[in-house]
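Residue numbers (the working numbering), protein chains in the order written: chain F, 59 to 282; chain L, 878 to 1103.
Hints are computed from structural coordinates only; laboratory data are not their basis. Positions of the beta carbon are idealized from the N, C-alpha and C atoms, including for glycine. Check the hints yourself; a few may be wrong.
[To be verified] Computed from the model, here is a short list of chain F residues facing chain L with C-beta under 7 Å:
(1) Ser108
(2) Ser112
(3) Gly141
(4) Ala145
(5) Ala256
(6) Phe260
[As the list claims (entries may be wrong)] Okay, the calculated bits of chain L under chain F, using three or more residues with CB under 8 Å as the criterion:
(7) 903-917
(8) 1068-1080
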Amino acid sequence: MQDFLNAFFSLDIISQAWPILLQGFWVTLWLSALVIPLGLISGTVLALLSTVRSRWVAWPLWAWVDFFRAIPPLVLLVFIYAGLPFAGFEVSAVGAVALGFFLNTGAYYGEILRAGIESVPRGQLEAARSTGLTRWQAMQHVILPQAVRNVLPDLISNTLEVVKLTSIASVVALPELLFQARQAQSVTYNASPIMAAAIIYFILLWPVVRLLSRLENRQLAARR
Amino acid sequence: MTSWDRFTDSFFNARVAAEYLPKIIDGFWLTIALALCIIATGLTAGLALAVIRSFSIRPLNWLIIFVVDLFRALPPLVIIALLYFGLPSAGLTMDGFTATWLSLSFVLMAFTEEIFWAGITAVPRGQWEAARSTGLGFLPTLGHVVLPQAIRMTIPPLTNRTIAITKGTALGSVVAVSEILGAAQAGVSFSFNPTPLTLGALAYVVLFVPVVIFGRWIETRFAWKR
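With the hints as constraints, model all of the structure from the sequences given.
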């Protein structure tokens, strides 16, 4: 038991590793602040395109979304980071993560927002248009606000997944929380830094999980 | 060499592809095996937790809720790192396959419990009361009346979550599992050519595009009429 505590909860080692863990924590936060808006922008564009009825838009859109939902994000990231330089495009770790998340999480946000737009009755768009609003104004002021409200739990849930997913940036040596914890662990031969990182993630994300589980229960109950 | 030739020579190099295709195919089967293991243990454990939770034993339920929240909040890669890199310092070693399997099973278990539990609570109380009043016991009521309705309701979210988590098998490459991504990365570093990565990406497309389309179909098939 003592061995176990020493290996996973050594306060000595955690306090030594604390400065770099903290740095990693900040990097995780700003990385999230970078990739969440990127995903939302890409998702909004995809969702708006899905309202275009032409098959020349619908088919490529469908292929795009399903392709990027089928490729695991880590595969996409490795492909961008390790593959593109062979084609003459040097990408930095941050650039690779940003592009990978833009493509991957954008597809997920897109699907959620599309479902949201579809949940708003068609009559709303027609009514808005008949008051003289342009199609874009109707989308912006009438449809999208309701769409977002209808799928808010899914949006929050996906955002939670995105924050968790930033941990794969450690694979391309971006010094976020998990990367720093792994560094500290390999120097000290002790698992406490990774445990500390896990605890930091948990403290950061637990409130979101609690909120979601409330929202989801309410949503499922309301479907009956 | 034109730049287009250089591009195809890098990403679609036939010689490299022929050399590494068998490795990628091995990785393909390993990915499927890993995914099936995760689905089997994750779904079973999640359902078991949801059933235990329906007995409403307070301290036990708090524990279940905590475990579920824990595995929903932690990034899967952190759990894998903890098991694979952490356990050896406590004198336990675990191979990459087991570490990935266990970690993703825990994650799937947490989401499954949450979804099944939401399904169980969404079945109206009257159904419980009616079934119990016919003389059915607690477990038969749960098994024959409540769960069949709950499970039907939970199929779309459960399918999507299961797909998302099985894609996490690619994380195994970080802990030396030679599943598709692992095999592809090894190929790139041996051949110094990214063609194995192209093959790997194609392998994932072959594997997961049908699954994603299946998920989409399930969603419309079981959609709730508004």
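Notebook entry, point to check: What hints, given by number in increasing order, does this structure fail?
Noted result: 1, 2 and 7
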